[in-house]
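Number of protein chains: 2
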Amino acid sequence: MTLKAYNSTLKSAVVLVSGGLDSTTVLAYALSRGYSCHALTFDYGQRHRVELRAARRVCRALGAVSHRVVKVDLRPIGGSALTADIDVPKGRSAKRMARDIPVTYVPARNTIFLSYALALAEVIKAQDIFIGVNAVDYSGYPDCRPQFIKAFERVAKLGTKAGVDGAGLKIHTPLIELSKAQIVRLGAKLGVDFSLTHSCYDPIESRACGRCDSCLLRRRGFEEASIADPTRYAS
Amino acid sequence: MTLKAYNSTLKSAVVLVSGGLDSTTVLAYALSRGYSCHALTFDYGQRHRVELRAARRVCRALGAVSHRVVKVDLRPIGGSALTADIDVPKGRSAKRMARDIPVTYVPARNTIFLSYALALAEVIKAQDIFIGVNAVDYSGYPDCRPQFIKAFERVAKLGTKAGVDGAGLKIHTPLIELSKAQIVRLGAKLGVDFSLTHSCYDPIESRACGRCDSCLLRRRGFEEASIADPTRYAS
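If you read the sequences in order, they're chains V and H.
Just so we're aligned: the first sequence equals residues 1 to 235 in the numbering used here.
Just so we're aligned: the second sequence equals residues 1 to 235 in the numbering used here.
It is possible that some hints are incorrect.
Identical copies go unnamed one by one, so any copy, or any two together, can satisfy a pair.
To be verified - Listed next, the in silico SDA-like pairs over lysine to any residue satisfying Cα-Cα at most 25 Å (straight line):
| no. | residue 1 | residue 2 |
| --- | --- | --- |
| 1 | Lys90 | His67 |
| 2 | Lys189 | Gly78 |
| 3 | Lys125 | Glu223 |
| 4 | Lys161 | His172 |
| 5 | Lys161 | Ser179 |
| 6 | Lys157 | Ile124 |
| 7 | Lys189 | Gly166 |
| 8 | Lys157 | Gly78 |
| 9 | Lys189 | Ser32 |
| 10 | Lys71 | Phe222 |
| 11 | Lys90 | Val65 |
| 12 | Lys170 | Leu158 |
| 13 | Lys11 | Gly78 |
| 14 | Lys125 | Leu31 |
| 15 | Lys189 | Val123 |
| 16 | Lys170 | Arg211 |
| 17 | Lys71 | Arg49 |
| 18 | Lys161 | Ser12 |
| 19 | Lys161 | Gln147 |
| 20 | Lys125 | Pro76 |
| 21 | Lys157 | Gly140 |
Derived from the structure by calculation, the hints contain no laboratory data.
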């Protein structure tokens, strides 16, 4: 059997892949569960375009059957340090990160991303979407919580032909209850090469800054998991 | 009081404006209800770019306080005659239009559009979104039904900071139960200049084709409303 013929026997899934540690672990997880994975990455004018290169590397290395990069123009909407001209905060405590919605929050981001995933699922007739949302480290983000995901599943059921016909659509969130250390351990168990991934919000010449929320969470995750962090940090 | 100062006393709303007859009537309706209207138009690689020009004309003429055009790149997703290289069907009967999901259906389109509207509402702190969906003429589109809109309102409530804080968000669908003739009558009552609007899926040198689903519905709507149709049709 050819690889293509073998892939066609598998159940298709749409997997949101940013190129970060979390979404890469999710892709590895979906593949380990036997899904034929169609990766979807968003180019949303984020400052850290190095993330897009990481997404391409990861999809190729792990074996996604397709990889689409969709341009999502959030600049006319504004309101985030990741898309507008606002400074990325550095050196915030874990407590502040968990409590406050940071300026790096992109309004309705997961709603927008899941909408595109839903469109792709409808086109390729997939009934499964995987997304690396996490309610532990990102408890300040309302669109990372299980009840939001449930509500979106209902939108997917009522707003698509497949949903109305009864096939339904499941949104898988394998990381939602995990700490960063647990995510690192899961990724390591699944054989993820973390050196391919990128998490930093504000990289300096392709190197992670080491001090933004995302870098701080990543560093602490590896530390707590007692797994070596292959990331080259600028500080 | 300056116009700007007056506008700031009004309640803000996000209004989805395509430049067509329906969304223009919705904009006129929202303005008549005293909302300060922030218009949002999507440039989704549709073939009928003349629609975007109509949206600009309409927003200016009716008095939207702002107008944003967001590029939504649906081409990597595919699956629609409006964004891919598929022929737009012509001369379909009303019965077939109502029954079948046509090739002009853009997968998950209203979910995607409402997600952006939600993002903008969050940024400008609006608690109201207006959208011209219609469950009568577009009964084949699952994402035009009231239960879909209700489900999306729940996503809006659970997926945004404003929603979680209790402010909530209402999605207004003033046309959802109206026939095209009733929409034409409502627009006329609100003083809409229909010659500014554009509905055709497949215009020929800026003129409406007269035979696609959208033209056929529009023509019949004016006829049934006994209101003169200012559209210049190619056939």
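Against the structure, the hints:
For a Cα distance limit of 25 Å, the shortest separation of lysine 90 from histidine 67 qualifies neither inside one copy, at 32 Å, nor across copies, at 34 Å. For the homomeric pair lysine 189 and glycine 78, neither the shortest alpha-carbon distance inside one copy (39 Å) nor that between copies (36 Å) is at most 25 Å. Taking CA atoms no more than 25 Å apart as the test, lysine 125 paired with glutamate 223 passes in neither setting, with 41 Å inside one copy and 40 Å between copies. Taking identical chains as interchangeable, the C-alpha atoms of lysine 161 and histidine 172 lie at most 25 Å apart whether they share a chain (20 Å) or sit on different chains (23 Å).
Taking CA atoms no more than 25 Å apart as the test, lysine 161 paired with serine 179 passes between copies only; the shortest distance there is 23 Å, against 36 Å inside one copy. For a Cα distance limit of 25 Å, the shortest separation of lysine 157 from isoleucine 124 inside one copy, 16 Å, qualifies, whereas the shortest one across copies, 29 Å, does not. Taking the shortest Cα distances, lysine 189 and glycine 166 never come within 25 Å of each other, neither inside one copy (36 Å) nor across copies (41 Å). In this homomeric assembly, lysine 157 and glycine 78 come within 25 Å of each other (Cα to Cα) only across copies, at 20 Å, whereas the closest approach inside a single copy is 30 Å.
In this homomeric assembly, lysine 189 and serine 32 come within 25 Å of each other (Cα to Cα) only inside a single copy, at 11 Å, whereas the closest approach across copies is 60 Å. In this homomeric assembly, lysine 71 and phenylalanine 222 never come within 25 Å of each other (Cα to Cα): the closest approach is 31 Å inside a single copy and 38 Å across copies. Taking the shortest alpha-carbon separations for lysine 90 and valine 65, neither the intra-copy value of 37 Å nor the inter-copy value of 36 Å comes in at or below 25 Å. In this assembly of identical chains, lysine 170 and leucine 158 lie within 25 Å of each other by CA distance both inside one copy and across copies; the values are 13 Å within and 18 Å between.
For a Cα distance limit of 25 Å, the shortest separation of lysine 11 from glycine 78 across copies, 20 Å, qualifies, whereas the shortest one inside one copy, 37 Å, does not. Taking the shortest alpha-carbon separations for lysine 125 and leucine 31, only the intra-copy value of 18 Å comes in at or below 25 Å, while the best inter-copy value is 40 Å. When the C-alpha separation of lysine 189 and valine 123 is checked against a cutoff of 25 Å, the pair qualifies neither within a copy, at 33 Å, nor between copies, at 40 Å. Proximity of lysine 170 and arginine 211 under a CA criterion of 25 Å is satisfied in neither setting, with 36 Å inside one chain copy and 39 Å between copies.
In this assembly of identical chains, lysine 71 and arginine 49 lie within 25 Å of each other by CA distance both inside one copy and across copies; the values are 12 Å within and 19 Å between. Taking CA atoms no more than 25 Å apart as the test, lysine 161 paired with serine 12 passes inside one copy only; the shortest distance there is 17 Å, against 33 Å between copies. Proximity of lysine 161 and glutamine 147 under a CA criterion of 25 Å is satisfied in both settings, with 23 Å inside one chain copy and 14 Å between copies. When the C-alpha separation of lysine 125 and proline 76 is checked against a cutoff of 25 Å, the pair qualifies only between copies, where the shortest distance is 15 Å, while the shortest distance within a copy is 32 Å.
In this homomeric assembly, lysine 157 and glycine 140 come within 25 Å of each other (Cα to Cα) only across copies, at 15 Å, whereas the closest approach inside a single copy is 27 Å.
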